[in-house]
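Engineer: Listed in order, the protein sequences are those of chains A and B. The numbers in the UniProt record's numbering rise by one with no breaks, and the one at position 289 of the first sequence is 289. The numbers in the UniProt record's numbering rise by one with no breaks, and the one at position 446 of the second sequence is 446.
Treat the hints with care, since some could be wrong.
[Claimed, not checked] FRET-style restraints, in silico, Cβ to Cβ:
#1 B:Val152 to A:Arg36: 24 to 30 Å
#2 B:Gly57 to A:Arg369: 34 to 40 Å
#3 A:Thr68 to B:Gly334: 46 to 52 Å
#4 A:Arg295 to B:Ala301: 46 to 52 Å
[To be verified] Examples of chain A residues toward chain B, derived with CB under 10 Å:
#5 Phe12
#6 Gly185
#7 Val188
#8 Leu195
#9 Gly260
#10 Arg263
Hints were generated in silico from the structure; no laboratory data involved. This structure is a prediction, so every number in the text was calculated from the model and none was measured. Even glycine gets a Cβ: it sits at the ideal position worked out from N, Cα and C.
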Amino acid sequence: MTRYIRRIAAFFLLLLAALLVNSARIQLVEADSLDRNPANRRATVARYAEPRGPILVDGKAVTGSRDTRQPLRYERTYTQGPLYAPVTGYASQTYGTTLLENAEDALLSGTDPMLAPFPFWHEITRSRQPGGQVATTIKGAMQRAAYDGLAGRRGAVAAIEPFSGRILALVSSPSYDPGLLSGTGTAVTDAWTRLTGDSAQPMLDRAIRQTYPPGSAFKIVTAAAALDAGTVTDVAAPTDIEEPYVLPGTATVLPNEAEGCDRASLEYAIRWSCNSVMAGLGVRTGLTGMLDTARKFGFNDSGLRIPSGVAASHFDTEMSDDQLALSSIGQFDTRATPLQMAMVAAAVANGGELKYPYLVDRTLAADGRVVSRTGQRTYGRTMNPLTANRLRRMMIDTVEDGTATNAAIDGATVGGKTGTAQHGVGNSGLPYAWFIAWAQAGNSGRPAVAVAVVVEDAAADRADISGGGDAAPIARAVMEKALGR
Amino acid sequence: MTATTADPPPAPPVPRRRGVELALLVGAVLIAVLGYLAVGLGKHHALPPDAAVYGAGLGALALLAHLVVRLRAPYADPLLLPIAVLLNGLGLVLIYRLDLETPGDSAAPTQLVWSTLGAALFIAVVAFLPDHRVLQRYAYLSVATALVLLIVPIFFPAVNGAKIWIRFGGFSFQPGEFAKVLLAVFFAAYLATNRNALAYTGRRLWRRLPWLQLPTGRVLGPLVAIWLLSVVVLVLERDLGTSLLFFGLFVIMLYVATGRTGWIAVGLALAAVGAFAVGSLEPHVHSRVQDWLDPYASINAGRGPGQLAQSLFAFAAGGLTGTGLGLGHSILIGFAAKSDFILATAGEELGLVGLTAIFLLYALLVARGLRTGLSLRDPFGRLLAVGLSAILGLQVFVIAGGVMGLIPLTGMAMPFLAQGGSSVVTNWAIVALLMRLSDSARRPRPEPSRGAGAGLDGDGDDRHDNRTEAGS
Numbered sequence: 001m002t003r004y005i006r007r008i009a010a011f012f013l014l015l016l017a018a019l020l021v022n023s024a025r026i027q028l029v030e031a032d033s034l035d036r037n038p039a040n041r042r043a044t045v046a047r048y049a050e051p052r053g054p055i056l057v058d059g060k061a062v063t064g065s066r067d068t069r070q071p072l073r074y075e076r077t078y079t080q081g082p083l084y085a086p087v088t089g090y091a092s093q094t095y096g097t098t099l100l101e102n103a104e105d106a107l108l109s110g111t112d113p114m115l116a117p118f119p120f121w122h123e124i125t126r127s128r129q130p131g132g133q134v135a136t137t138i139k140g141a142m143q144r145a146a147y148d149g150l151a152g153r154r155g156a157v158a159a160i161e162p163f164s165g166r167i168l169a170l171v172s173s174p175s176y177d178p179g180l181l182s183g184t185g186t187a188v189t190d191a192w193t194r195l196t197g198d199s200a201q202p203m204l205d206r207a208i209r210q211t212y213p214p215g216s217a218f219k220i221v222t223a224a225a226a227l228d229a230g231t232v233t234d235v236a237a238p239t240d241i242e243e244p245y246v247l248p249g250t251a252t253v254l255p256n257e258a259e260g261c262d263r264a265s266l267e268y269a270i271r272w273s274c275n276s277v278m279a280g281l282g283v284r285t286g287l288t289g290m291l292d293t294a295r296k297f298g299f300n301d302s303g304l305r306i307p308s309g310v311a312a313s314h315f316d317t318e319m320s321d322d323q324l325a326l327s328s329i330g331q332f333d334t335r336a337t338p339l340q341m342a343m344v345a346a347a348v349a350n351g352g353e354l355k356y357p358y359l360v361d362r363t364l365a366a367d368g369r370v371v372s373r374t375g376q377r378t379y380g381r382t383m384n385p386l387t388a389n390r391l392r393r394m395m396i397d398t399v400e401d402g403t404a405t406n407a408a409i410d411g412a413t414v415g416g417k418t419g420t421a422q423h424g425v426g427n428s429g430l431p432y433a434w435f436i437a438w439a440q441a442g443n444s445g446r447p448a449v450a451v452a453v454v455v456e457d458a459a460a461d462r463a464d465i466s467g468g469g470d471a472a473p474i475a476r477a478v479m480e481k482a483l484g485r
Numbered sequence: 001m002t003a004t005t006a007d008p009p010p011a012p013p014v015p016r017r018r019g020v021e022l023a024l025l026v027g028a029v030l031i032a033v034l035g036y037l038a039v040g041l042g043k044h045h046a047l048p049p050d051a052a053v054y055g056a057g058l059g060a061l062a063l064l065a066h067l068v069v070r071l072r073a074p075y076a077d078p079l080l081l082p083i084a085v086l087l088n089g090l091g092l093v094l095i096y097r098l099d100l101e102t103p104g105d106s107a108a109p110t111q112l113v114w115s116t117l118g119a120a121l122f123i124a125v126v127a128f129l130p131d132h133r134v135l136q137r138y139a140y141l142s143v144a145t146a147l148v149l150l151i152v153p154i155f156f157p158a159v160n161g162a163k164i165w166i167r168f169g170g171f172s173f174q175p176g177e178f179a180k181v182l183l184a185v186f187f188a189a190y191l192a193t194n195r196n197a198l199a200y201t202g203r204r205l206w207r208r209l210p211w212l213q214l215p216t217g218r219v220l221g222p223l224v225a226i227w228l229l230s231v232v233v234l235v236l237e238r239d240l241g242t243s244l245l246f247f248g249l250f251v252i253m254l255y256v257a258t259g260r261t262g263w264i265a266v267g268l269a270l271a272a273v274g275a276f277a278v279g280s281l282e283p284h285v286h287s288r289v290q291d292w293l294d295p296y297a298s299i300n301a302g303r304g305p306g307q308l309a310q311s312l313f314a315f316a317a318g319g320l321t322g323t324g325l326g327l328g329h330s331i332l333i334g335f336a337a338k339s340d341f342i343l344a345t346a347g348e349e350l351g352l353v354g355l356t357a358i359f360l361l362y363a364l365l366v367a368r369g370l371r372t373g374l375s376l377r378d379p380f381g382r383l384l385a386v387g388l389s390a391i392l393g394l395q396v397f398v399i400a401g402g403v404m405g406l407i408p409l410t411g412m413a414m415p416f417l418a419q420g421g422s423s424v425v426t427n428w429a430i431v432a433l434l435m436r437l438s439d440s441a442r443r444p445r446p447e448p449s450r451g452a453g454a455g456l457d458g459d460g461d462d463r464h465d466n467r468t469e470a471g472s
C-alpha cells in the first residue's frame with residue numbers, strides 16, 4: 001500500500017501546484033487587466049471612499065459630502081445647488097462629472113499627484129490623498145444678484161474683471177440642483193430623466209455652452225474693426241450711408257428701429273443702435289478686417305477653457321457682402337456665448353487688451369497648502385488703445401443718453417450696449433434681449449467689471465423684449481455688487 | 001521502528017513533541033487575534049472592543065484541546081491541532097470581517113458556536129475513542145447512518161436549489177457533511193477486509209492490458225452499490241460538489257487498497273461521462289460550466305459581472321501582498337461571500353502571499369494525514385487516514401479551483417474557513433480521527449501482543465510495506 005499512498009501524495013502535490021500556479025496567474029499576471037475591467041467596481045468604490053474636496057466661493061465651501069454608508073460611500077452635496085450649478089457642474093456616481101467638477105476632478109477626488117507631499121508618493125504607497133480644494137474667482141454677491149435678476153427666466157449672465165480676466169459671475173437660468181444627481185438609485189435616474197427631458201433645459205449652461213445671435217451688441221466689434229481698419233477716422237463725422245439701407249446685391253431693405261440714422265455718425269449709430277450705418281461700415285471694412293477683429297475678441301476659438309470648455313462663438317469665414325452686412329449687426333450666422341460678449345465688453349473697458357478669462361483662482365490641498373495658482377494671461381490685443389478709448393466713450397454715451405439709460409449707476413462710470421437679436425426661421429422666434437456693459441467706480445483708475453446678460457424670455461410680450469428694458473437692469477444689479485454697493 | 005527481534009534493545013524515547021504543539025497553538029491563536037485586531041483597525045480605525053474576550057475564548061478552547069491531547073493521545077502529530085485552530089481562527093476573522101459589510105446578517109457568532117461544538121467533538125473523540133480499530137466494527141452501522149443522513153434532507157425544503165439542509169429551530173445543518181466521514185470509515189473497513197479479493201481475483205478483460213482486470217461481482221457489488229446509491233441521492237439533491245467528492249474519495253481509496261491503476265482509468269472515464277451528462281442535462285450545472293468557460297460573458301452581455309467574475313476581480317485586487325484585512329471589497333461577490341467564496345476575501349485582503357500560506361497549511365494537513373497513513377501498520381487505519389486526508393485535499397482543490405476559475409464551480413465549503421456549522425464540526429471530527437490515528441502510528445509498539453494481530457492482517461503487500469519502511 002505504501003507505494004500507492006505515496007502516489008496519492010504525489011497526486012495531491014500536483015493539485016497543490018495547480019492551485020498555486022493558478023493563483024499566481026490571476027493575482028500577478030492577469031491582475032492588471034482584471035483591475036481595469038470596466039465591470040470591476042473597485043476603482044469606483046475607491047474613488048468615493050473619501051469625501052470629495054470642496055469648491056470654494058469667497059473662501060467658503062459651496063459643496064459638501066454626505067456619508068451614505070453604502071459601498072460608494074461619499075456623495076456630493078451642494079449648499080446652493082441651482083445658484084452655482086453653472087460653475088460647479090455636477091459630480092454624480094451615476095452620470096460622471098461636468099464643468100469644474102470635471103475639469104478639477106483629479107484634484108477634488110485626491111488622485112492629482114500634485115497633492116502628494118513628495119514626488120512618486122502615490123506610486124510607492126498606492127494611496128490617495130484627501131481631496132483638494134478649488135477656490136473659484138466667483139463673487140457670491142454678484143452671482144446672487146445675477147441669479148435673482150433673471151428670476152427664473154431663460155437666460156444667462158457672465159461677468160469678468162477686465163484687467164485680470166477673473167470670472168466674477170456665471171449664471172444660467174433656469175437652473176437645477178446638481179445634488180439631485182449625486183448618488184445612485186432610482187431617485188437619481190428619475191431626476192436625470194426629468195431634467196434632461198425638461199423643455200426649459202435647466203442643465204444647459206447657457207453662460208458658456210450656449211451660443212446666441214448677439215444682435216446689436218455685436219456692433220461694438222464692428223465699430224472696433226471699422227476704427228482699426230481706418231474705415232472711420234472721425235467718430236463724430238457723418239457717414240455717407242443712407243437710410244433705407246439695401247443689402248448689397250439684393251433688393252432687401254435693412255430696417256432701423258431708431259430715428260435719425262440716415263448718414264449718421266458712428267457715435268450716433270452706437271448710441272441709438274443704427275442697423276444701416278453699422279451694416280454699411282462692416283461691408284466697407286470688408287470680410288478680412290471684420291474676421292480679423294472678431295477673432296481677436298475670441299470668436300471661432302474652439303479651444304477656450306476656463307478650465308471648463310467654452311463653446312466656440314462663431315463668425316463666418318466666407319460670406320457675400322449682404323451676409324457680411326447682416327453679420328456686422330450680429331445676425332446671419334454670427335453667434336456668441338454670453339461669456340464671449342462679456343469678453344468684448346471687458347476688452348473695450350481694459351483699453352483693448354483682452355485677458356484670458358478664468359474661473360479657478362487657486363487650488364489647495366486639504367490642509368490649505370496652495371497647490372497651484374492661476375496666473376493672469378493676456379488673450380491678445382483686440383484693438384488700438386485709441387480705438388478702445390473712443391469705444392469706451394461711445395458706450396458711456398449710450399448709457400448716459402441712449403438706449404441703455406437703465407444701466408446707469410450714480411457715482412460710477414458705466415458703458416454699455418444693448419442688443420435685440422432676431423432668430424428663428426424668418427425671424428419667427430422671440431428675439432433675445434442682450435446687454436453688455438462695464439463699470440468703473442468714480443474714484444478708481446480701472447474698470448471693476450464687464451458683464452454680458454442675455455434674456456430669452458419666451459413668456460414675454462415680443463415688444464417688451466429689448467436689451468435696454470430686460471437685460472440692462474440685471475447688468476446694473478450685478479455691476480453695483482462689483483462696485484461694492 | 002523495526003523492533004521485530006525477540007530481545008529488544010532499550011529503545012530511544014519516542015519524541016512526543018507536545019511542547020511544539022503548544023508553542024504552535026499559541027502562535028495560531030495569536031495570529032487569529034491579531035487578524036481580528038487588524039480588521040477593526042482597517043475598517044473602523046479602532047480596536048474591536050471584544051478582542052480580549054474573543055482571544056481568550058479561542059485560546060481556552062485550544063488549550064483545553066491541547067490538554068486532552070496530552071492526556072489521551074500523547075504521541076499524536078503535533079501539527080494537526082495547531083493547523084486546525086489557525087484555519088478555524090482565520091475563518092472566524094474573515095467571516096467577522098465580512099459581517100461588517102452586512103449589518104443585518106452576522107454569521108461570526110453562529111460560526112463561533114459551531115466551532116466550539118466542533119472543538120468539543122474533537123475533545124470527545126480524542127478522549128473517548130481509545131483505538132481507531134474500534135471503528136472497523138461499526139462499518140455497516142456507519143454506512144447505514146450515512147445513507148439515512150443523506151436521504152433525510154429529501155423531506156426538507158430546498159435552499160438555493162439544493163435539498164441538502166435539515167432545519168429545526170433556528171439551526172440548520174447539512175447531514176451530507178457527516179456522511180462523508182462515515183462513508184470513509186465504511187470504505188476503509190470494507191476495503192481492508194476485501195482488498196485481496198479485489199486486487200487478485202476476477203477476469204482480465206483484454207490480454208494486452210494486464211491492469212484492466214475486473215474483480216468478481218460478489219466482492220465489488222456491495223461497494224459499488226453503496227457508492228452509486230449515495231452519489232445518486234446527492235445528484236437528486238443537487239449537491240454535486242459532495243457527489244464529486246464521494247466519487248474522488250471512492251476512486252482514491254480503491255486505488256490505494258488494490259493498487260490497480262485500472263481503477264483510476266475506469267474512475268476517470270466514468271467521471272468524464274457523468275460530468276458530461278450532468279453538465280449538459282442539468283441546467284444549474286450547465287450554467288456553471290458556461291460560467292467557467294467564459295466568466296465575463298454576462299459582462300459582455302451587459303448584465304454586469306457574475307459571481308465568478310467578481311471572485312476573480314477580488315483575487316486580482318489582492319495582488320501580491322493584498323489590500324490588508326478589512327480594506328478589500330470582496331463583498332461585491334454577493335450572497336455566498338461568507339461561504340463558498342470566502343477564499344476570495346482571503347485572496348483580496350491577504351494577497352498571493354496569504355493565499356499561498358493558506359494553501360500550504362491545507363497541504364501540510366493533507367501531507368501529515370497521508371504520512372500517518374504511511375506509518376500505520378493496519379490496513380484499516382492506513383485506508384482511513386488516506387480517506388480522511390483525501391476528503392480534505394479534494395475539498396480544498398475543488399472549491400479553491402472553482403472560485404479561481406480553474407475548474408467549474410461546485411458548491412462546497414472550504415474546510416474550517418467557510419461559514420457553515422456542519423462543515424466546521426465535521427472537519428473537527430476529521431482532525432480528531434487523524435489525531436487518534438497519528439497517535440497509534442507514532443506510539444512505540446508493545447511488540448509481542450501486537451505481533452499476532454499484525455500477522456492476521458498481514459499479506460504480501462504488507463510485508464513489502466515493512467521493507468520499504470525499514471529502508472526509509
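Engineer: Each of the hints needs a verdict: does it hold here or not?
Structural biologist: Against the structure, the hints come out as follows:
1. B:Val152 to A:Arg36: 24 to 30 Å: 49 Å, violated
2. B:Gly57 to A:Arg369: 34 to 40 Å: 48 Å, violated
3. A:Thr68 to B:Gly334: 46 to 52 Å: Cβ of threonine 68 of chain A to Cβ of glycine 334 of chain B: about 20 Å, so the range 46 to 52 Å is violated.
4. A:Arg295 to B:Ala301: 46 to 52 Å: Taking Cβ atoms as reference, arginine 295 of chain A and alanine 301 of chain B lie about 50 Å apart, which means the hint holds.
5. Phe12: 5 Å, holds
6. Gly185: 16 Å, violated
7. Val188: 18 Å, violated
8. Leu195: 25 Å, violated
9. Gly260: Hint violated; glycine 260 of chain A Cβ to chain B Cβ min 68 Å, cut 10 Å.
10. Arg263: Where the cut-off is 10 Å and the nearest Cβ of chain B is about 70 Å from arginine 263 of chain A, the hint is violated.
Hint compliance for this structure: hints 1, 2, 3, 6, 7, 8, 9, 10 are not met, and every other hint is.
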